[in-house]
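Required output: the full structure, derived from the provided sequences and hints.
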Amino acid sequence: MSGLLRGELSKTLSTRTLFAFVIGGVAFAVLNVVIVAVASGTLHTVSEKQEALSCLPILMLAWGVVGAAGEYRHRTAAPAALVARRGRGTLLLARLAAYAVTGLGLAAVTTGVSLAIGLPLLADQPGPGLGAAEVGSVVAGNLVACVLSVIIGAGLGALIRNQIVGVVVLLVLNFAVNPLLANVSEGLSNLTPFGASSVLSRMTHNTTLSVAVAGAVLAAWTVVVAGAALAGERRRDLA
Amino acid sequence: MVELWVMTNTHTHVMGRAIVADGLTKRYGRTTAVEGLSFSARSGAVTGFFGPNGAGKTTALKMIVGIARPNAGRALVNGVPIESTKPDARQIGVYIEPCGAHPGRTGRAHLRALATIAGLGRGRADEVLATVGLGDAGRRRVGKYSMGMRQRLGLAAALLGDPQILVLDEPGNGLDPSGVRWLRTLLREQAASGRTVLLSSHVLSEAAQTVDDVVVIDRGRLVYQGSMHDLDARGESLEDVFFGATGGVYS
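Top to bottom, those sequences are chains A and B. Each number in our numbering comes from the position in the first sequence (counting from 1) with 83 added on. Each number in our numbering comes from the position in the second sequence (counting from 1) with 34 added on.
No lab work stands behind these hints, which were simulated from the structure alone. Among these hints, one or two may not hold up.
What the hints assert, rightly or not - DEER-style ranges, computed between Cβ atoms:
#, chain 1, residue 1, chain 2, residue 2, range
1, B, 120, A, 251, 30 to 38 Å
2, B, 63, A, 245, 12 to 20 Å
3, A, 258, B, 208, 41 to 49 Å
4, A, 318, B, 157, 32 to 40 Å
5, A, 270, B, 65, 42 to 50 Å
6, A, 271, B, 208, 53 to 61 Å
7, A, 267, B, 106, 45 to 53 Å
To be verified - Residues of chain A placed beyond 10 Å of chain B at every Cβ, according to the derived structure:
#, residue
8, 107
9, 195
10, 206
11, 220
12, 245
13, 251
14, 259
15, 271
16, 298
C-beta: ideal position from N, C-alpha, C; glycine also.
Right, here's the structure in full:
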């Protein structure tokens, strides 16, 4: 399994795609900090200040979809499956784990940038400051949200197997379906992967869903999507 | 041709046959790509797998190596159903177009990743790059490769585990004359060392210099299986047999 993981990891690190997402993630982190901490006026509460440090789970979902679906677009999934010494399910599991590792790295970089720029700016804001516990909880939430989001994205990519369709589906769900659900019921919207990851990363606050429950909801979605992707991979042709 | 079919508790196979296609059928919706295809490829020989465009060659090869599942029938490799075996680069090396390398990745990185997944040393990537004549191009991105270079990269991936069996789908496409000669020599050496080679090709004149056995399919069905020796004895060419078996009509 470690050989599969290392091989899949080296695949993700040997193209420019991941680095494009790193640049996008860092750009978003800077933009988010500036907009929330500087341009949106006075931040009175801890949760408002934590929002300035949140990551962008949709970016992680997109990275997972683009990377994993690219395996089928470029037909790189078949050569790996033909040499893996394990079943296709195990190979996909290793691929999802490799994407989780990249998600952790991506989250660490973007969260680090948010902290480096955001904490000095937030220190100038009135009201209660962010203590180590509050900052630590944002960091943990970002890391968990990003890692689980990347796994969900990679699972969707393996199911859909088409990068453009995958990203379009993602955007429609995030920017059309989820807001519609929120209009019907905020609670329902928070139970989607998009809602749960927003709560977990503190992008959404003043919600009835606790961070812990949001984490559990996102973990459940991760298991469901990864399970469906594994089942599909075992049953479907590779090329 | 005399073949000895052996029934065991778990497997049916042909003695001395490394690859056996046993009634393989593949349908895509209402289209039947391969229907009831049975043939075998022996060890120590190059078996040519021929057919017109759309005859089902690539689909059949995909079923034989296990990346496509047959609707009926089965493929046996060394007597074991392919779906029961774990893929191993040391057992079967496969090249089916396209080469399966990300255009943004270097050829070397592509092979190193495959070598790691296969449990081989990363140094093996450089060895096979040199074998296929891509030693100097290994650090270039695959998107910058010519068609012939991509063919060579695909062949390098197939050779990664120094396999006992090679399954190659039109490996000569895009190769320059020296590449064609190199490929012919490589395949003959593989067969001479007791290994099994199953290759599809449209270039009959070149294939006639390479193959020992001939399998021709048309519209997904077997229409001829025999040896080059038999053809020579009858004074027929591979081209004669191909057109005779397929009616000379390309679909």
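Here is how each hint holds up against the structure:
| no. | hint | in the structure |
| --- | --- | --- |
| 1 | 120(B) to 251(A): 30 to 38 Å | holds, 36 Å |
| 2 | 63(B) to 245(A): 12 to 20 Å | holds, 19 Å |
| 3 | 258(A) to 208(B): 41 to 49 Å | holds, 44 Å |
| 4 | 318(A) to 157(B): 32 to 40 Å | holds, 36 Å |
| 5 | 270(A) to 65(B): 42 to 50 Å | holds, 48 Å |
| 6 | 271(A) to 208(B): 53 to 61 Å | holds, 55 Å |
| 7 | 267(A) to 106(B): 45 to 53 Å | holds, 48 Å |
| 8 | 107 | holds, 16 Å |
| 9 | 195 | holds, 26 Å |
| 10 | 206 | holds, 42 Å |
| 11 | 220 | holds, 37 Å |
| 12 | 245 | holds, 16 Å |
| 13 | 251 | holds, 22 Å |
| 14 | 259 | holds, 31 Å |
| 15 | 271 | holds, 37 Å |
| 16 | 298 | holds, 32 Å |
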